[in-house]
Amino acid sequence: MISDKLMILNILLKQEWKKNRRSLRFRLSWLLMLCVFICGTIAFVHQWHNTETEYEEYRKENDDEYHGWTVTAYAIITQEYLLQPRLSSLIDPCSEQQLPSIFTYNAFGIHNFRTAFSVKNPLMQHNVSFSWSFVVTTLLTFITLLFSFNAFSGEKETHTLGFLLTYPVPRFLLLLSKYICIVMQSGIILLSGIGTGILILLLSGIEMNIQFMILCGGFFLSSLLLLSLFAAFGLFASTISNHPRNSLLLCVIFWLLCVIVIPSSQLSMARYLFPLSTTMEEVQQDYQQQQRQIIDHAPASALGNREDEPFYPPHEMRADIMRRMLKVKLDKLNEYYQAGQQQYERTNQLSMCSPVIVFNRLNEYWLDSGYVRFRKNQKALNDFCTHFMEWFKEEDAKDPQSPHWLNPQERYSSTQRTLTETDYPVYKEPEVNLTNRLLSALPAIFILSGIALFWFILSIFSTHKYDVR
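Just so we're aligned, residue 1 is where the sequence shown starts under full-length UniProt numbering, counting upward by one.
Hints may be right or wrong, so weigh each one.
To be verified - Derived lysine-lysine pairs resembling PhoX-like cross-links, with alpha carbons at most 20 Å apart:
no., residue 1, residue 2
1, K428, K376
2, K327, K379
3, K393, K327
4, K379, K332
5, K428, K60
6, K379, K329
7, K428, K379
Calculated from the structure, these hints are not laboratory results.
Build the full structure now, drawing on both the sequences and the hints.
Okay, here's the thing in C-alpha coordinates:
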(Lines of atoms letter the chains of each structure in order from A and count residues from 1; the text may use other names and numbers.)
(Lines give C-alpha, C1' and ligand atoms only; values in the text may rest on other atoms or scores of the structure.)
Protein backbone atom coordinates (compact mmCIF):
# COMPACT_ATOMS: atom_id res chain seq x y z
CA MET A 1 0.00 0.00 0.00
CA ILE A 2 2.72 2.43 1.00
CA SER A 3 4.90 1.38 -1.92
CA ASP A 4 2.01 2.03 -4.33
CA LYS A 5 1.55 5.54 -2.96
CA LEU A 6 5.27 6.22 -3.18
CA MET A 7 5.25 5.05 -6.80
CA ILE A 8 2.32 7.34 -7.59
CA LEU A 9 4.05 10.23 -5.83
CA ASN A 10 7.22 9.55 -7.81
CA ILE A 11 5.31 9.61 -11.10
CA LEU A 12 3.46 12.81 -10.20
CA LEU A 13 6.67 14.45 -9.05
CA LYS A 14 8.47 13.59 -12.28
CA GLN A 15 5.60 15.02 -14.32
CA GLU A 16 5.51 18.22 -12.27
CA TRP A 17 9.27 18.65 -12.47
CA LYS A 18 9.35 17.99 -16.20
CA LYS A 19 6.65 20.58 -16.74
CA ASN A 20 8.08 23.26 -14.45
CA ARG A 21 11.77 22.99 -15.25
CA ARG A 22 11.05 23.88 -18.87
CA SER A 23 8.93 26.89 -17.97
CA LEU A 24 10.18 30.34 -18.87
CA ARG A 25 9.31 31.53 -15.37
CA PHE A 26 11.75 29.09 -13.75
CA ARG A 27 14.58 29.79 -16.20
CA LEU A 28 14.29 33.56 -15.94
CA SER A 29 14.12 33.37 -12.15
CA TRP A 30 17.21 31.17 -12.06
CA LEU A 31 19.13 33.55 -14.34
CA LEU A 32 18.01 36.60 -12.36
CA MET A 33 19.05 35.14 -9.02
CA LEU A 34 22.44 34.06 -10.36
CA CYS A 35 23.09 37.61 -11.56
CA VAL A 36 22.04 39.03 -8.18
CA PHE A 37 24.26 36.62 -6.24
CA ILE A 38 27.25 37.23 -8.53
CA CYS A 39 27.03 41.03 -8.52
CA GLY A 40 26.23 41.23 -4.81
CA THR A 41 29.02 38.89 -3.73
CA ILE A 42 31.57 40.74 -5.87
CA ALA A 43 30.50 44.01 -4.25
CA PHE A 44 30.78 42.39 -0.82
CA VAL A 45 34.33 41.22 -1.55
CA HIS A 46 35.49 44.79 -2.19
CA GLN A 47 33.66 46.01 0.91
CA TRP A 48 35.14 43.18 3.00
CA HIS A 49 38.71 44.06 2.05
CA ASN A 50 38.06 47.69 3.02
CA THR A 51 36.45 46.64 6.31
CA GLU A 52 39.39 44.38 7.21
CA THR A 53 41.86 47.17 6.42
CA GLU A 54 39.96 49.69 8.55
CA TYR A 55 39.72 47.20 11.42
CA GLU A 56 43.46 46.56 11.40
CA GLU A 57 44.13 50.31 11.31
CA TYR A 58 41.80 50.77 14.26
CA ARG A 59 43.56 48.05 16.23
CA LYS A 60 46.98 49.57 15.59
CA GLU A 61 45.75 53.00 16.69
CA ASN A 62 43.89 51.89 19.82
CA ASP A 63 45.63 48.74 21.03
CA ASP A 64 48.41 50.03 23.23
CA GLU A 65 51.28 47.82 24.25
CA TYR A 66 50.80 48.94 27.88
CA HIS A 67 54.56 48.80 28.48
CA GLY A 68 55.44 51.29 31.19
CA TRP A 69 51.85 51.55 32.39
CA THR A 70 51.08 51.13 36.07
CA VAL A 71 48.47 48.70 37.36
CA THR A 72 46.33 51.65 38.45
CA ALA A 73 46.52 53.34 35.05
CA TYR A 74 45.52 50.13 33.30
CA ALA A 75 42.56 49.69 35.68
CA ILE A 76 41.09 53.21 35.67
CA ILE A 77 41.75 54.44 32.12
CA THR A 78 38.76 53.63 29.93
CA GLN A 79 39.51 51.25 27.10
CA GLU A 80 37.63 50.43 23.92
CA TYR A 81 36.78 47.03 22.53
CA LEU A 82 35.62 46.84 18.92
CA LEU A 83 33.78 43.74 17.78
CA GLN A 84 35.73 42.08 15.00
CA PRO A 85 34.07 42.06 11.56
CA ARG A 86 32.93 38.61 10.51
CA LEU A 87 32.83 36.99 7.09
CA SER A 88 29.41 35.51 7.85
CA SER A 89 27.93 38.99 7.42
CA LEU A 90 27.74 37.98 3.76
CA ILE A 91 25.19 35.39 4.84
CA ASP A 92 23.30 37.81 7.06
CA PRO A 93 24.64 40.98 8.75
CA CYS A 94 21.75 40.76 11.25
CA SER A 95 21.55 44.58 11.41
CA GLU A 96 24.96 44.78 13.09
CA GLN A 97 25.67 48.05 11.27
CA GLN A 98 22.89 49.61 13.38
CA LEU A 99 23.80 47.96 16.69
CA PRO A 100 26.52 49.00 19.18
CA SER A 101 29.84 47.41 18.36
CA ILE A 102 32.29 49.50 20.44
CA PHE A 103 32.31 49.02 24.23
CA THR A 104 34.03 51.51 26.54
CA TYR A 105 35.01 50.06 29.92
CA ASN A 106 37.50 49.89 32.76
CA ALA A 107 37.77 47.92 36.00
CA PHE A 108 34.80 49.80 37.47
CA GLY A 109 32.37 48.67 34.75
CA ILE A 110 31.04 49.36 31.26
CA HIS A 111 30.80 53.10 30.69
CA ASN A 112 29.28 53.24 27.24
CA PHE A 113 28.74 51.47 23.94
CA ARG A 114 28.19 52.93 20.52
CA THR A 115 27.87 52.06 16.86
CA ALA A 116 30.99 51.82 14.74
CA PHE A 117 30.80 52.76 11.08
CA SER A 118 32.19 50.31 8.56
CA VAL A 119 33.17 53.19 6.30
CA LYS A 120 35.19 56.26 7.11
CA ASN A 121 32.37 58.62 6.10
CA PRO A 122 29.29 57.90 8.27
CA LEU A 123 27.11 59.75 5.77
CA MET A 124 27.80 56.92 3.31
CA GLN A 125 26.72 54.22 5.76
CA HIS A 126 23.94 52.07 4.30
CA ASN A 127 21.12 50.79 6.49
CA VAL A 128 20.69 47.80 4.18
CA SER A 129 23.69 46.04 2.67
CA PHE A 130 23.82 43.07 0.34
CA SER A 131 23.55 39.68 1.94
CA TRP A 132 22.27 36.28 0.97
CA SER A 133 19.57 36.62 3.61
CA PHE A 134 18.34 39.85 2.03
CA VAL A 135 18.08 38.13 -1.35
CA VAL A 136 16.18 35.20 0.17
CA THR A 137 13.70 37.29 2.16
CA THR A 138 12.93 39.86 -0.53
CA LEU A 139 13.40 38.18 -3.91
CA LEU A 140 13.35 34.43 -3.50
CA THR A 141 10.26 34.41 -1.28
CA PHE A 142 8.38 36.34 -3.96
CA ILE A 143 9.68 34.02 -6.67
CA THR A 144 8.49 31.03 -4.63
CA LEU A 145 5.02 32.55 -4.48
CA LEU A 146 5.16 33.04 -8.25
CA PHE A 147 5.91 29.34 -8.63
CA SER A 148 2.96 28.31 -6.46
CA PHE A 149 0.17 30.86 -6.89
CA ASN A 150 -1.39 29.12 -9.93
CA ALA A 151 -0.51 25.52 -9.10
CA PHE A 152 -4.22 24.72 -8.68
CA SER A 153 -6.07 27.88 -9.68
CA GLY A 154 -4.46 27.80 -13.13
CA GLU A 155 -5.59 24.22 -13.68
CA LYS A 156 -9.04 25.10 -12.38
CA GLU A 157 -9.30 27.85 -14.97
CA THR A 158 -8.28 25.51 -17.82
CA HIS A 159 -10.39 22.66 -16.36
CA THR A 160 -7.40 20.31 -16.43
CA LEU A 161 -7.63 19.74 -12.69
CA GLY A 162 -11.07 18.16 -12.97
CA PHE A 163 -9.83 15.93 -15.76
CA LEU A 164 -6.79 14.89 -13.71
CA LEU A 165 -8.93 14.04 -10.68
CA THR A 166 -11.00 11.59 -12.74
CA TYR A 167 -8.00 9.26 -12.45
CA PRO A 168 -7.50 7.27 -9.24
CA VAL A 169 -4.93 9.74 -7.93
CA PRO A 170 -5.14 10.69 -4.24
CA ARG A 171 -5.57 14.45 -3.91
CA PHE A 172 -3.08 14.56 -1.07
CA LEU A 173 -0.36 13.03 -3.26
CA LEU A 174 -1.17 15.48 -6.04
CA LEU A 175 -0.84 18.38 -3.62
CA LEU A 176 2.34 16.95 -2.10
CA SER A 177 3.97 16.48 -5.51
CA LYS A 178 3.30 20.10 -6.43
CA TYR A 179 4.60 21.27 -3.06
CA ILE A 180 7.82 19.26 -3.29
CA CYS A 181 8.41 20.42 -6.85
CA ILE A 182 8.01 24.09 -5.90
CA VAL A 183 10.40 23.72 -2.96
CA MET A 184 12.87 21.90 -5.23
CA GLN A 185 12.76 24.73 -7.76
CA SER A 186 13.43 27.36 -5.11
CA GLY A 187 16.09 25.19 -3.46
CA ILE A 188 17.98 24.67 -6.71
CA ILE A 189 18.01 28.41 -7.38
CA LEU A 190 19.22 29.12 -3.85
CA LEU A 191 21.86 26.39 -3.87
CA SER A 192 23.29 27.55 -7.18
CA GLY A 193 23.42 31.13 -5.89
CA ILE A 194 25.20 30.17 -2.66
CA GLY A 195 27.60 27.91 -4.56
CA THR A 196 28.43 30.71 -6.98
CA GLY A 197 28.99 33.09 -4.07
CA ILE A 198 31.38 30.67 -2.36
CA LEU A 199 33.27 30.22 -5.63
CA ILE A 200 33.68 34.00 -5.93
CA LEU A 201 35.04 34.15 -2.38
CA LEU A 202 37.57 31.44 -3.21
CA LEU A 203 38.69 33.19 -6.38
CA SER A 204 39.06 36.50 -4.54
CA GLY A 205 41.50 34.95 -2.07
CA ILE A 206 39.32 35.27 1.04
CA GLU A 207 40.14 32.58 3.58
CA MET A 208 37.23 30.34 4.55
CA ASN A 209 37.33 27.71 7.26
CA ILE A 210 35.17 24.64 7.81
CA GLN A 211 32.95 26.50 10.25
CA PHE A 212 32.03 29.05 7.59
CA MET A 213 31.04 26.25 5.22
CA ILE A 214 28.90 24.69 7.97
CA LEU A 215 27.26 28.07 8.54
CA CYS A 216 26.51 28.26 4.82
CA GLY A 217 24.94 24.80 4.93
CA GLY A 218 22.82 25.71 7.94
CA PHE A 219 21.72 28.91 6.24
CA PHE A 220 20.67 26.95 3.16
CA LEU A 221 18.50 24.65 5.27
CA SER A 222 16.92 27.50 7.22
CA SER A 223 16.25 29.40 3.98
CA LEU A 224 14.69 26.28 2.50
CA LEU A 225 12.41 26.13 5.53
CA LEU A 226 11.34 29.74 4.99
CA LEU A 227 10.75 29.14 1.28
CA SER A 228 8.72 26.01 2.05
CA LEU A 229 6.50 28.19 4.25
CA PHE A 230 5.88 30.64 1.41
CA ALA A 231 5.31 27.73 -0.97
CA ALA A 232 2.71 26.30 1.43
CA PHE A 233 0.86 29.61 1.55
CA GLY A 234 1.03 29.93 -2.23
CA LEU A 235 -0.56 26.50 -2.57
CA PHE A 236 -3.23 27.43 -0.04
CA ALA A 237 -4.05 30.62 -1.94
CA SER A 238 -4.19 28.61 -5.14
CA THR A 239 -6.51 25.93 -3.72
CA ILE A 240 -9.08 28.42 -2.40
CA SER A 241 -9.12 30.54 -5.58
CA ASN A 242 -10.90 29.77 -8.82
CA HIS A 243 -8.78 32.16 -10.86
CA PRO A 244 -5.01 32.79 -10.87
CA ARG A 245 -5.43 36.54 -10.47
CA ASN A 246 -7.23 36.03 -7.15
CA SER A 247 -4.55 33.71 -5.78
CA LEU A 248 -1.83 36.08 -7.03
CA LEU A 249 -3.49 38.95 -5.17
CA LEU A 250 -3.54 36.91 -1.95
CA CYS A 251 0.12 36.00 -2.40
CA VAL A 252 1.14 39.62 -3.00
CA ILE A 253 -0.74 40.75 0.12
CA PHE A 254 0.90 38.00 2.19
CA TRP A 255 4.34 38.91 0.86
CA LEU A 256 3.85 42.63 1.53
CA LEU A 257 2.72 41.98 5.11
CA CYS A 258 5.52 39.55 5.95
CA VAL A 259 8.41 41.17 4.11
CA ILE A 260 7.62 44.89 3.97
CA VAL A 261 4.88 46.08 6.33
CA ILE A 262 5.59 44.26 9.61
CA PRO A 263 9.43 44.55 9.52
CA SER A 264 9.22 48.23 8.53
CA SER A 265 6.73 49.08 11.28
CA GLN A 266 8.93 47.88 14.15
CA LEU A 267 10.15 51.39 14.97
CA SER A 268 6.60 52.75 15.07
CA MET A 269 5.45 49.85 17.24
CA ALA A 270 8.31 50.46 19.66
CA ARG A 271 7.52 54.16 19.99
CA TYR A 272 3.76 53.83 20.48
CA LEU A 273 3.38 50.46 22.22
CA PHE A 274 6.53 50.41 24.37
CA PRO A 275 7.63 54.05 24.77
CA LEU A 276 10.67 54.86 26.89
CA SER A 277 9.91 56.83 30.04
CA THR A 278 12.99 59.02 29.71
CA THR A 279 15.63 60.23 27.26
CA MET A 280 19.42 60.13 27.40
CA GLU A 281 19.53 63.89 28.05
CA GLU A 282 17.21 63.49 31.05
CA VAL A 283 19.31 60.61 32.36
CA GLN A 284 22.46 62.71 32.10
CA GLN A 285 20.81 65.61 33.90
CA ASP A 286 19.58 63.23 36.61
CA TYR A 287 22.92 61.63 37.44
CA GLN A 288 24.76 64.96 37.15
CA GLN A 289 22.36 66.45 39.68
CA GLN A 290 22.93 63.53 42.05
CA GLN A 291 26.69 63.89 41.59
CA ARG A 292 26.45 67.58 42.52
CA GLN A 293 24.50 66.64 45.64
CA ILE A 294 27.25 64.20 46.64
CA ILE A 295 29.83 66.97 46.27
CA ASP A 296 27.68 69.50 48.14
CA HIS A 297 27.23 67.16 51.12
CA ALA A 298 30.92 66.27 51.27
CA PRO A 299 33.17 68.04 53.78
CA ALA A 300 35.38 70.73 52.31
CA SER A 301 38.52 68.88 53.36
CA ALA A 302 37.50 65.90 51.20
CA LEU A 303 38.20 67.94 48.08
CA GLY A 304 41.83 68.44 48.98
CA ASN A 305 44.33 67.16 46.46
CA ARG A 306 48.09 66.64 46.86
CA GLU A 307 49.54 64.38 44.19
CA ASP A 308 52.97 64.36 45.81
CA GLU A 309 51.51 62.94 49.06
CA PRO A 310 49.66 59.66 48.26
CA PHE A 311 48.82 59.08 51.96
CA TYR A 312 47.30 62.54 52.43
CA PRO A 313 44.20 61.70 54.60
CA PRO A 314 41.61 63.66 52.56
CA HIS A 315 42.51 61.48 49.57
CA GLU A 316 40.56 58.60 51.15
CA MET A 317 37.37 60.67 51.36
CA ARG A 318 38.03 62.02 47.89
CA ALA A 319 38.34 58.46 46.49
CA ASP A 320 35.08 57.48 48.21
CA ILE A 321 33.31 60.48 46.67
CA MET A 322 34.65 59.63 43.23
CA ARG A 323 33.48 56.01 43.54
CA ARG A 324 30.00 57.09 44.62
CA MET A 325 29.75 59.58 41.78
CA LEU A 326 30.81 56.96 39.25
CA LYS A 327 28.37 54.42 40.71
CA VAL A 328 25.49 56.88 40.37
CA LYS A 329 26.40 57.51 36.74
CA LEU A 330 26.79 53.84 35.81
CA ASP A 331 23.58 52.83 37.63
CA LYS A 332 21.52 55.46 35.83
CA LEU A 333 23.01 54.57 32.46
CA ASN A 334 22.42 50.85 33.06
CA GLU A 335 18.76 51.51 33.88
CA TYR A 336 18.38 53.47 30.66
CA TYR A 337 20.15 50.83 28.57
CA GLN A 338 18.06 48.04 30.13
CA ALA A 339 14.85 49.93 29.32
CA GLY A 340 15.98 50.29 25.70
CA GLN A 341 16.85 46.61 25.48
CA GLN A 342 13.47 45.62 26.91
CA GLN A 343 11.77 47.85 24.33
CA TYR A 344 13.75 46.17 21.55
CA GLU A 345 13.02 42.66 22.80
CA ARG A 346 9.28 43.28 23.29
CA THR A 347 8.96 44.81 19.83
CA ASN A 348 10.82 41.86 18.35
CA GLN A 349 8.54 39.39 20.12
CA LEU A 350 5.45 41.20 18.85
CA SER A 351 6.85 41.16 15.31
CA MET A 352 7.35 37.39 15.39
CA CYS A 353 4.01 37.06 13.59
CA SER A 354 6.04 37.68 10.45
CA PRO A 355 8.00 34.59 9.34
CA VAL A 356 10.71 36.90 8.02
CA ILE A 357 11.32 38.25 11.53
CA VAL A 358 11.46 34.69 12.86
CA PHE A 359 13.91 33.81 10.09
CA ASN A 360 16.11 36.78 10.98
CA ARG A 361 16.05 35.72 14.61
CA LEU A 362 17.07 32.20 13.59
CA ASN A 363 20.03 33.62 11.67
CA GLU A 364 21.11 35.69 14.68
CA TYR A 365 21.38 32.57 16.81
CA TRP A 366 22.93 30.38 14.11
CA LEU A 367 25.51 32.98 13.05
CA ASP A 368 26.03 34.31 16.60
CA SER A 369 25.44 37.80 15.31
CA GLY A 370 23.27 40.88 15.62
CA TYR A 371 21.49 41.59 18.89
CA VAL A 372 22.35 38.14 20.21
CA ARG A 373 26.05 38.88 19.78
CA PHE A 374 25.70 42.31 21.35
CA ARG A 375 23.96 40.91 24.46
CA LYS A 376 26.51 38.11 24.70
CA ASN A 377 29.39 40.57 24.75
CA GLN A 378 27.60 42.91 27.12
CA LYS A 379 27.09 40.14 29.68
CA ALA A 380 30.58 38.73 29.17
CA LEU A 381 32.15 42.17 29.52
CA ASN A 382 30.20 42.82 32.74
CA ASP A 383 31.60 39.58 34.14
CA PHE A 384 35.06 40.55 32.90
CA CYS A 385 34.85 43.94 34.65
CA THR A 386 34.03 42.15 37.91
CA HIS A 387 37.09 39.95 37.44
CA PHE A 388 39.08 43.03 36.39
CA MET A 389 38.21 44.80 39.66
CA GLU A 390 39.11 41.75 41.74
CA TRP A 391 42.48 41.60 39.97
CA PHE A 392 42.99 45.33 40.60
CA LYS A 393 42.26 44.94 44.32
CA GLU A 394 44.57 41.93 44.62
CA GLU A 395 47.44 43.70 42.87
CA ASP A 396 46.89 46.82 44.94
CA ALA A 397 46.89 44.79 48.17
CA LYS A 398 50.31 43.36 47.29
CA ASP A 399 51.89 46.82 47.27
CA PRO A 400 52.83 48.06 50.77
CA GLN A 401 53.47 51.54 49.37
CA SER A 402 49.88 51.93 48.20
CA PRO A 403 47.22 53.73 50.28
CA HIS A 404 44.66 51.19 48.90
CA TRP A 405 41.94 53.83 48.35
CA LEU A 406 41.11 52.93 44.72
CA ASN A 407 40.13 56.27 43.25
CA PRO A 408 38.43 55.60 39.85
CA GLN A 409 39.71 58.85 38.34
CA GLU A 410 43.08 59.58 39.96
CA ARG A 411 46.16 57.37 39.95
CA TYR A 412 47.92 58.30 43.18
CA SER A 413 45.40 56.59 45.53
CA SER A 414 46.46 53.06 44.64
CA THR A 415 49.48 51.02 43.57
CA GLN A 416 52.14 52.43 41.28
CA ARG A 417 53.61 49.05 40.33
CA THR A 418 54.30 48.68 36.64
CA LEU A 419 52.06 46.48 34.58
CA THR A 420 54.92 44.32 33.31
CA GLU A 421 55.40 42.85 36.77
CA THR A 422 52.16 40.86 36.59
CA ASP A 423 49.80 39.13 34.17
CA TYR A 424 46.98 41.55 33.42
CA PRO A 425 43.47 40.57 32.23
CA VAL A 426 42.50 41.20 28.61
CA TYR A 427 38.94 40.87 27.33
CA LYS A 428 38.26 38.49 24.46
CA GLU A 429 34.91 37.83 22.85
CA PRO A 430 33.58 34.42 23.96
CA GLU A 431 32.91 31.89 21.22
CA VAL A 432 29.64 29.95 20.98
CA ASN A 433 30.00 26.45 19.55
CA LEU A 434 27.74 25.21 16.77
CA THR A 435 25.80 22.87 19.06
CA ASN A 436 24.73 25.68 21.37
CA ARG A 437 23.89 27.87 18.39
CA LEU A 438 21.63 25.16 17.00
CA LEU A 439 19.93 24.64 20.36
CA SER A 440 19.28 28.38 20.66
CA ALA A 441 17.83 28.46 17.14
CA LEU A 442 15.45 25.51 17.73
CA PRO A 443 12.46 27.65 18.87
CA ALA A 444 12.62 29.69 15.66
CA ILE A 445 12.93 26.48 13.62
CA PHE A 446 9.85 25.04 15.33
CA ILE A 447 7.87 28.25 14.72
CA LEU A 448 8.68 28.32 11.00
CA SER A 449 7.96 24.60 10.69
CA GLY A 450 4.65 25.01 12.51
CA ILE A 451 3.53 27.89 10.29
CA ALA A 452 4.49 26.00 7.13
CA LEU A 453 2.64 22.91 8.36
CA PHE A 454 -0.41 25.04 9.21
CA TRP A 455 -0.71 26.44 5.67
CA PHE A 456 -0.08 23.04 4.13
CA ILE A 457 -2.82 21.41 6.24
CA LEU A 458 -5.24 24.15 5.19
CA SER A 459 -4.28 23.42 1.60
CA ILE A 460 -5.10 19.73 2.13
CA PHE A 461 -8.57 20.56 3.50
CA SER A 462 -9.23 23.00 0.68
CA THR A 463 -8.12 20.45 -1.92
CA HIS A 464 -10.40 17.73 -0.54
CA LYS A 465 -13.36 20.12 -0.53
CA TYR A 466 -12.90 21.00 -4.19
CA ASP A 467 -15.82 19.80 -6.30
CA VAL A 468 -14.79 18.94 -9.85
CA ARG A 469 -18.34 19.56 -11.01
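(message) Just to be careful, I want the Cα atoms of K428 and K376 compared with a cutoff of 20 Å; is the pair within it?
(response) holds (12 Å)
(request) Quickly compare the C-alpha distance for K428 and K379 to 20 Å and report which way the hint goes. (result) holds (12 Å)
(message) Against the 20 Å threshold, does the CA-CA distance of K327 and K379 hold or violate the hint?
(response) holds (18 Å)
(message) Just to be careful, I want the Cα atoms of K393 and K327 compared with a cutoff of 20 Å; is the pair within it?
(response) The given pair, whose Cα atoms are some 17 Å apart, holds under the 20 Å limit.
(message) Check the hint pairing K379 with K332 against an upper bound of 20 Å on the C-alpha distance.
(response) holds (17 Å)
(request) For the pair we were handed, K379 and K329, check the Cα-Cα distance against 20 Å. (result) Between K379 and K329 the Cα gap is close to 19 Å, so the pair holds against 20 Å.
(request) Would you check the hint for K428 and K60, treating anything up to 20 Å between C-alpha atoms as holding? (result) Judged against 20 Å, a Cα distance of about 17 Å means the pair holds.
Every hint, counting from the list given before, is met by this structure.
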